[in-house]
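Note that the protein sequences, when read in sequence, are chains A and B.
Numbering follows my numbering, in which position 184 of the first sequence is assigned residue number 184; successive positions increment by one, without gaps.
Numbering follows my numbering, in which position 213 of the second sequence is assigned residue number 456; successive positions increment by one, without gaps.
Wrong hints could be hidden among the right ones.
The calculated BS3-like cross-link candidates involving lysine-lysine, where the alpha carbons are at most 25 Å apart (straight line), are [claimed, not checked]: (1) Lys-365(B) <-> Lys-379(B); (2) Lys-85(A) <-> Lys-122(A); (3) Lys-28(A) <-> Lys-365(B); (4) Lys-358(B) <-> Lys-331(B); (5) Lys-271(B) <-> Lys-331(B); (6) Lys-85(A) <-> Lys-158(A); (7) Lys-366(B) <-> Lys-85(A); (8) Lys-136(A) <-> Lys-88(A); (9) Lys-85(A) <-> Lys-379(B); (10) Lys-366(B) <-> Lys-401(B); (11) Lys-136(A) <-> Lys-328(B); (12) Lys-401(B) <-> Lys-88(A); (13) Lys-358(B) <-> Lys-328(B); (14) Lys-136(A) <-> Lys-331(B); (15) Lys-379(B) <-> Lys-88(A).
Computed footprint of chain B on chain A; a stretch qualifies when at least three of its residues, placed anywhere within it, have a C-beta under 8 Å from a C-beta of chain B [as the list claims (entries may be wrong)]: (16) 55 to 61; (17) 133 to 141; (18) 150 to 156; (19) 171 to 179.
Worth flagging that the hints you see were computed from the coordinates, not collected in a lab.
No residue lacks a Cβ here, since even glycine has one placed at the ideal position from N, Cα and C.
2 protein chains.
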Amino acid sequence: MPRFFLTGGSSIAGGTAFILGEDAAHAKVLRLRIGDRLIVCDGGQDHHCTVTKITPEEVEAEVFDVVPCQGEPSVRTLILCGLPKGDKVDYIIQKCTEAGAAEIWFFQSHRCVAKLSGDMEKKVARWQRIAEEAAKQSGRGVIPTVGVLDDLAEAFNKANTTDLPLFMYETGERQALKDAVEAAGEIRSAAILTGPEGGFEPFEAELARVMGLKICSMGPRIFRCETAPVAALSAIMYATGNM
Amino acid sequence: MPRFFLTGGSSIAGGTAFILGEDAAHAKVLRLRIGDRLIVCDGGQDHHCTVTKITPEEVEAEVFDVVPCQGEPSVRTLILCGLPKGDKVDYIIQKCTEAGAAEIWFFQSHRCVAKLSGDMEKKVARWQRIAEEAAKQSGRGVIPTVGVLDDLAEAFNKANTTDLPLFMYETGERQALKDAVEAAGEIRSAAILTGPEGGFEPFEAELARVMGLKICSMGPRIFRCETAPVAALSAIMYATGNM
């Protein structure tokens, strides 16, 4: 069913949902008609509506049911990635949104070939739209926050605000992802740090260790930098009963 | 480290690896030099070698160590997908190879928009090359078999050759993926069936149930058809201690 978030310019008042701005344009693309059903999500609840009025500027829909959004996992997971090249960023945002990420951040690490440069505001706005599209398509209750971090240190700090800060590393002394997750017991939040194409430098992994992150292995297979986040996130969702 | 499979035209004899055919061309692309190290994988063992001779037709390398391939998971997982549109097929093959799939099959189901038509031999050969590239890159011990099946019934039969045949379905009576996996206990093989863009028809799910497959939910979020297989495979790998 078509899904709209209040962030998109829509609003709800007196049992009526007003689909405005970009969302009205989106509704047009969807060829919505009087009587069609749609969902307006306020971040916590899904408002099930029936379209009652359509104009070029807005779509009005009557709310007939309000239910808690089912699409949100019980674990808030932060995805923190060393900036990859090209459209891999788009890919990570789309797939991790589908898989239930709460926040998706990119940072520059030592081996990053891509650079966080140019009109970042414009880039992040585009990334945020990718997250919104994926959130609508996959039935999420919230649109994941997408953004950039100054550096690896900031990524470590963000990761350490969660119950389970995981640093995915391909060599050296590590524990299996499963062992780290099971040792953590009941968690309400987690963070998954992954590197760019070239992975992390040993000193970056050492820094992560010193900062208290769990240095983890995703098994003997080497994942591409755009595959690792969604694979690890899927494992976390499975482990915490969200898949 | 550069990785070659015997399937690529290479061979090993008397402690020397002979990189031939397409692999020799690949070695050229990699700019291998005398003294460089590479791995030749025979499907079960990794032969660690040092390059000793390079000609336009072949690369010879001396085997200095033979170790069991570490890249293969303990569970043989079959990926069975309703044929999606465009490059989603390539995507599923690449990502599922990285994540440890043993076989990847595509079939036509009721809601498939894409068709298994044209020069399928040529298409499958191209798909197999994508699997080989991903296997090399991710350090797999074998190249997953990629192919097409006549229909959904054949997919069900393939799935039923495994210890845990899973049919991913978005509505109706289902059990959580986690419950199905945990109920199966120790498994040595599994199958993941996923639908095309439009998902499966209710009668297809009913048929799966009658055929003895486990009808599973991947949680309240709706995965895109190209994301579901790698997400479910990651969960299986995690659950069976392979990630």
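request  = With a cut-off of 25 Å on the C-alpha distance, tell me whether Lys-366(B) and Lys-85(A) pass.
outcome  = Cα-Cα ~28 Å, so violated.
query = Are there three or more residues in the stretch 150 to 156 of chain A whose C-beta lies within less than 8 Å of some C-beta in chain B?
reply = violated (count 0)
inquiry  = Closer than 8 Å Cβ to Cβ for three or more residues is the test here. Does the stretch 133 to 141 of chain A pass it with chain B?
reply    = Three-residue rule met by the stretch 133 to 141 of chain A, so holds; n is 4.
task = Take the C-alpha atoms of Lys-85(A) and Lys-158(A), compute the straight-line distance between them, and say whether it is at most 25 Å.
result = Holds, at about 23 Å.
message = Please verify the coverage claim for the stretch 55 to 61 of chain A: does it have three or more residues whose C-beta sits within 8 Å of some C-beta in chain B?
response = violated (count 0)
request  = Measure nothing beyond the straight line between the CA atoms of Lys-401(B) and Lys-88(A); if it is 25 Å or shorter, mark the hint as holding.
outcome  = violated (33 Å)
query = Keeping to a limit of 25 Å between CA atoms, is the pair of Lys-379(B) and Lys-88(A) held or broken?
reply = holds (20 Å)
task = Would you mind confirming whether the straight-line C-alpha gap from Lys-365(B) to Lys-379(B) stays at or under 25 Å?
result = Satisfied, since the Cα-Cα distance of roughly 21 Å is no more than 25 Å.
ask   = Given the proposed pairing of Lys-366(B) with Lys-401(B), does the C-alpha separation stay at or below 25 Å?
value = With a Cα-Cα distance of about 21 Å, the restraint between Lys-366(B) and Lys-401(B) holds, given a limit of 25 Å.
request  = Measure nothing beyond the straight line between the CA atoms of Lys-271(B) and Lys-331(B); if it is 25 Å or shorter, mark the hint as holding.
outcome  = Violated - the C-alpha atoms of Lys-331(B) and Lys-271(B) are around 30 Å apart, more than 25 Å.
request  = Quickly compare the C-alpha distance for Lys-136(A) and Lys-331(B) to 25 Å and report which way the hint goes.
outcome  = holds (20 Å)
query = Under the criterion that the straight-line Cα-Cα distance not exceed 25 Å, is the pair Lys-136(A), Lys-328(B) satisfied?
reply = holds (21 Å)
Violated hints, listed in ascending order, are 3, 5, 7, 12, 16 and 18; each of the other numbered hints is respected by the structure.
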